[in-house]
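**Q** Sequence:
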Amino acid sequence: MEKTGTEQQIKAEISAHYAALMSDPSKGWWASRWQTMDNAPKDGRRFLAIVDGKVRVVAWCKTSHVPIYGFNLVDQGVEDREICEPTLWINQPTPP
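When the letters of the sequence shown are read in order and numbered with this note's numbering, they come out as residues 1 to 96.
Please keep in mind that the hints were generated in silico from the structure rather than gathered at the bench. Some hints could be false.
[Claimed, not checked] The calculated label-pair distances, taken between Cβ atoms and stated as ranges, are:
id: 1; residue 1: Val-57; residue 2: Ser-32; range: 14 to 24 Å
id: 2; residue 1: His-65; residue 2: Thr-6; range: 14 to 24 Å
id: 3; residue 1: Thr-87; residue 2: Thr-6; range: 33 to 43 Å
id: 4; residue 1: Gln-8; residue 2: Pro-67; range: 29 to 39 Å
Here a beta-carbon is modelled for each residue, glycine too, at the ideal position from N, C-alpha and C.
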């Protein structure tokens with residue numbers, strides 16, 4: 001099945017926004033939406049966070065190998081969750 005021009009345009013626009021977010025989270029429409037970690041979700045929900053100056057996918061959960069709960073990097077696979085110290089967070093965008 002061929003994709004319509006509109007669908008391709010939407011995917012290209014999403015890719016461009018994602019690339020811009022990853023390169024500089026302090027610029028763009030999302031810049032004012034970053035929040036401090038004191039009100040970050042602790043219910044297992046995934047969100048984007050700044051960790052060591054990079055945008056990563058994070059969740060409050062148990063680490064992979066030690067029964068410790070905290071903010072973990074969850075963009076590396078189920079077996080590779082590791083504790084991290086995010087500084088800011090934002091909800092993941094909803095796909096169209």
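**Q** Next, verify each hint and record whether it holds.
**A** Do the hints match the structure? See the list:
The hint said 14 to 24 Å for the Cβ distance between Val-57 and Ser-32, and at roughly 21 Å that hint holds. Under the hint 14 to 24 Å, the C-beta atoms of His-65 and Thr-6, about 46 Å apart, miss the expected range. The hinted window of 33 to 43 Å between Thr-87 and Thr-6 holds, with their beta carbons roughly 37 Å apart. Separated by about 46 Å at the C-beta atoms, Gln-8 and Pro-67 break the suggested range of 29 to 39 Å.
Hint compliance for this structure: hints 2, 4 are broken, all remaining hints hold.
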